[in-house]
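Read off the chains here:
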Amino acid sequence: MATPDEHNRRLSDRRAIHIAYAQAVPLTYCIDSDLCLHLNGTGHCSRCSDACPADAVDFLMSAQENTIRVGAIIMAPGFSPYNPQGKGSWGYGVLDNVITSPEMERLLSSCGPTSGRLLRPSDNRPVKQLAFIQCIGSRDPHPCGHGYCSSVCCMTAIKEAMIARDNDCELEVTVFYSDMRTHGKGFDRYFQRASDKQIRFTRCRPHGIEPAGKDGALRVRTINEQGRQLEETFDLIVLSVGLEIQEPTIQLASLAGIHLGPEHFASTSSFQPVLSSKKGIYICGAFSGPKNISLSIEQGSAAAAAAASLLMSRRDTKTRKLRLPPAQPPAAAVKTGVFLCHCGNNISETINLETVRKQISVLKSVSHVEEVLFGCSQDTRELIIDLVRSLGLNRIVIAACSPKTHEALFRRTIREAGLNEYLLEMANIRNHDSWVHALDPDAATDKAVDLIKMAVAAVMLKRPVTANTAAVKQTALVVGGGVTGMTAAINLADQGFPVDLVEKTDRLGGNGLNLHRTWNGEHVPPYIKKLQAQVLDHPGITVHFCATVLDAGGHAGNFHTTIRDHKEHRRIITHGAGIIAVGGKRSLPDEYGYGKIPGVVAAVEFDALHIYNDIRVSRGSSFVFIQCVGSRDETHNYCSRVCCTHSVQSAIELKKEDPNRQVYILFREMRTYGLRESLYNRALELGVIFINYEQFGKPKVKSHDEQITVEVWDHILHRPLHIMADMIILASGILPNPDAGRLASLFRVNIDEDGFFQEAHPKLRPVDLPTDGLFVAGLAHAPKPIEESISQALAASARAATLLSQKEICLDAVKAVVDDKHCDGCALCIDVCPYQAITPLETIDADGEQHKLVAVDTMRCTGCGICQGTCPKRAINVVDFTYEQLTAKIEAALN
Amino acid sequence: MTAGSSPPAFTLQTSSHPLYTNPALADICMGCGSCAGACPISGIDSMDPRKLIRMATLKMEKELLSLDWPWKCTLCGRCEQACPVGVEIVELIRTLRSTRKRALVPGSIQLGGTTCLEQGNNIGIPKDDFLQVLHELQEETKKCTGPDSSVPIDVRGSRLLITVNSKIPFVEPENLQWWWRIFYAAGESWTIPADNWEAVNWGFFSGDDDAARTMVGRIVDNLERLSCQALLLPECGHAAHATITGLQRWFPEALKQYTIYTALDLLTEYIDTKRIRINKGLCYERTTYHDPCHYSRNDWVTPAGNSAEQARKITRTCCPNFIEMTPNRRDSYCCGAGGGTMATPFEAERIFHGRIKARQIRETGARVVVTSCPTCRDQLQAVLNREFELDIKVRFPWQLVSEALLPAEKQP
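Note that the protein sequences, when read in sequence, are chains Y and V.
Whatever position you read off the first sequence (first residue = 1), add 20 for the numbering used here.
Whatever position you read off the second sequence (first residue = 1), add 7 for the numbering used here.
Heads up, none of these hints are tricks.
Here are some chain V residues pointing at chain Y (derived, C-beta under 7 Å):
hint	residue
1	G38
2	G44
3	K58
4	P91
If the Cβ cut is set under 10 Å, some of the chain Y residues that face chain V in the computed set are:
hint	residue
5	S109
6	D199
7	R223
8	V240
9	R248
10	L250
11	H735
Bear in mind the hints are in silico, worked out from the structure with no lab data behind them.
Treat the numbers as computed from the prediction; the structure is a model and nothing was measured.
We treat Cβ as the ideally placed atom computed from N, Cα and C, and that holds for glycine.
Next comes chain V alone, as it looks inside the complex:
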């Protein structure tokens, strides 16, 4: 605020909360400021998590819903991690997102969700195009995997069902090939559904719980239809988070019936059970690992899983010249592109958000950054690399594993 001008007074009157009933969403806050210090975008729009909570406590509903800030927030959860009394800040922000008029949802988040509901994936890829891409890719992959391999589409009775991020088939198809090589080496029985293969759940971003539930329900339908035993959420921190949270909330039976793998769970299982063997020392450039918020901060990951440790084990094996960023794991800084912000017009904010991550990377002197989330990868490689002149390459653990696979005949 500028000197001389005083902000307008707010008159406190209402006695009931229009937004929420659970006091843990805001009321229990004692205003200590931990969250506001922890949040990488405190100050944007003169807002911070503490102010948001305060406005909720003071029942300033109208002003809250007029804010874009909840959409600039990446739902990274660092604030909630820092909170000494356990205010459910992320849930509060999701509530604000879901309460806002749909017409005011910024960017293409709402559109993506609607497209997915109508056409089975966020960007509306027609079924024929999807299948054609898979077949073309398979032809190419055969060079590595051998002539008898084929893309298993809708194969009933496969052990493992795979979902796909709709961005991948056309934009970065190699992502699929990496996995296919690994499946081939591991002798996995797997399948891709011909319909409703999308794992990215924008209903979760927009706060549209009905849409989110439908999307998770479709994955459960595919598991049942194809009589699979396990589900792999191959690459995306968000997809894994949204799907597992959705299963917990709406399909607890399915959660019990099927084994749910994150990408890191499955890779770890393959390596630990020696289903695949990998070349130790794939890359000797200085390498660091960026913890995607969903994988590192939240406790939702599959019961035995500790994603942050799994990812490090794989990364350290392939890239022995490893260095940590500090803070890391639970205390890691978000890269700035979570929470669907890639689909919003708030680019300047997204870059600002990533400044701390960029500094952390620079301080390590790493040339290679490994991360387990495509959105983090995009933000690190395309945005932060450019804006902060980091000169880094960003890679996925499954990419490392795929490249480090020892051919069967050469395995000792």
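Here chain Y stands alone, though its shape is the one from the complex:
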């Protein structure tokens, strides 16, 4: 029975019995009860249960209700993509070649319905002209969609456009947009790269899509940037659909009794961005507003931190400890067991495993070969344990998928069987073979034999390895006493980990002291006061005022950082984890007459003048905000993220105080992302006038007889406008902390090209620094508003707590090992080691002779192998990747 495959966005079919998608966890088949003839009552088919060798099909299995008593709930129900069917004039569902961005994602995927080739759904012809239309269902309250900005679609479109262009350099790609909202870290650079790749960005929203002729071509009519109407045709148009919260999530929220705000997003406070309206229920991800992967991941950690602090008193009360049999000393004779995984049919459909089994069985060291349906399933793991024990196997080869995802699991399995976990080798016959050679099964089978022979050769040479453990000092150091640093410190201390908080000034609060309200109108000063009091009163937090970090050393679980405090005392703080929250700095404008014309002020100064109702503000009748001052230019090639929202908020205040005031905002892209879009709409409604300028046509500010005039080119009328202004407010950006570079080198981490701390992975490890045990949050990482800094602070705290909650940590045994006999201390490896893990060493032997050597700090070494590749004496080897093992593999492959 076939039905459209939801994972492939209905672009291909699947059967009633299917695996949801290749990376599904658990990777097991499930039966679609609506489609199954047995279950939906239309027939008596039971072919699957008859055929299943494991007797795993149970038609009587039904949904069960379980009651679980918990102290906290984290809700991460996510979002649904907006469905444009029947809405607007996009022709989605009517015109075959109009698809949505999630569908485009599948079309571009190598395991998608077209194996990654960009083909028109109407006739499977290659696409030549591709267009993206932004803001489908977002920033579109009138005909069909939502008023808010979905925040992620601009980057999604650029990414999809880039992949499509990478696959086909002849492809013409156009992106129709209103404002390119690439406000994330490094996103503006990505946007520029896309422009450099000849992807055309047109600032205009097409009103609809029409068929052009009968062959599936599509016509779009737009106004170009010169104001001319254009008619263009495309083969494929991607609707960049927004994010929305749909009914099941709304019902779940209602069951949980939590409050949803406008457009059904969970309401949260900027100060507690992961706490729902109900105590003990936490929220993360797009449920509380549209957000991208890294922000969602941060919020996941943040929610965990918040819940951990609530449940502090119950920590470890439900933890179960794994008891393992003692590892057996290795027997003299090598007995290798090889397990051939079918991976459902992922492997067996292409590779003839019977042939493989025959060829592997005859190898000398192999004493047993077993075919298994799913190597990673619980019953197979039990089978492996049984066979190790009953046959006395002492080396194991798993021919299956990637060690990246499954090695840890199989190591644990053989350890449970009493083998040392390092006596294992994996042969990746799925990702490297059956998937990529699906069209040539014979060659794939030959390759599988070679890969397994190589693994068998390598595993023979393996010896039991004991991993080192290290004691963890269960305290943390937080560098920086702003909102981010204070939030992280309080959370960690609440979780029971003592914190040393290092603040370079004599006051807590940092940049937050300049803020007055959050984007949704909450007052910042009282909140900062509360934080300050909490930090100062907390028995678990020691604050070091007027302190700077002088030196740093050690490793995860045991750092020692030297600081100098206000009394010029040096002290060494030992700590298990560290959070860098050193913030950023406001940029001082050097253009538009700042500092020369009295009416020209920076936003921070204007806020103060506005609050104290300075006469220039109270009597002013014409205000001009200029955006992107010190952001998105040659020297600061990034978006400062907060300034658009801030100027719009100030403009609204000015208009609310006196509607007769003239307020103008001169902008490059209006980036009131996410739910902030409502502020932009409010400002428009109040009569704030927005004028778009480009970097090459900046506004000119002139002053004559105390009258300030601003000249700017109007992007819609294509003519110059002159504005008589009483005040010019420059939305000056955020700079990195000037001390960031020095701190980064002390802590052996990196700063990015803009001077902000570089995280380990921008998406998957957004708050981890590349050095284990160190984390980053707040403006030190990139410009961001207060609620995102708080989320990040909690995320960093959660990540630190996963380390600090262990008394000792087990280190990976895959490290560089020096062969003293051959090392002559030439030090070439010292220079290339990226982790400064190798140091020179001099020894004196029994004869009193001096030897030069090197020593490896196993705490720092990551086993990357660069030293091994550099050593001219072959005197340094990485465990599990020794010359001997690599040579054996190569020989096995060549023979």
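Following the hints, complete the assembly by docking chain V onto the known chain Y.
For chain V alone, kept in the frame of chain Y given last:
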């Protein structure tokens, strides 16, 4: 603009809007360009709806009122339909039209409105001439309807009051006969007023709300005077729009008291209640339907009515070889003659406006185009047919129904 010459700078100063107070007329615009892409006459006079809105937002009143562009616009509403934030663009253009000095109103729009106020119809047909034409037509119609039928003029207590488009009695009288045959077949009780029978409301075009109100008020007077229960706005998208909008605005009580039929409402009711029977398959030539903007795009139509679907049902019944133009219904392109532009001197613009409609018709390969609006019919048949060599015949749904009527004795 040509290279080298830079347009003059505009100095922004004024703080209050001289033209409007509702921010939805322009201020809420975020400049996305949807409207300018949707408008068929973007580019004429270097203008487009977005620029117009922008000029309003920037309070460029003097320049706005000097523009002829709002009079070249057909008020088709495609821009407003496309707008993501709901800028009331049509209302803005009507405001510009009404604010302009009357002497600067182009063409005969203002004159028609004045004539109507003075003489009861737009082209000043004297009452005697009107009645004579009706009687002559009736003589001719008797051939089809039988000797006992007569034109019911000012018959008190009739159920249905009919208005007339002043162009019809002399220029295309058959239009009246089509309806009369249908009324006869349906056994309708109906009447035509002897005075103030005009339905076309040029006050609505010129932006003269006082005049528009007077004209709608006259229809209400006739309904009361003749004790009718229902009003039919027989043929014109504009007349129906202007009258119903006027009733909503100024005579909400009348809107509740009387049943208001559009032509399509009444035809549908007759067919659905089997008061008339029609021959399925009147015409087998390839046929398409052109949506008049007022009938297809706006939600003003009588509550249960969905004019676009009603029109298609009738057209498909009579002309089974039916093909749609795409886009259609709400997204339909204007033919170019709405908004009173027929009465303006802007002929070249009107033709340019219709180019997209002409292409759509050509792409369908249809020989017959059905539409429910006389102005659309005139533009399609007389102007676009000639300019774009379309070789089409244009027909009304009531014409189709009238021709497809099965005689009473032959009804099964």
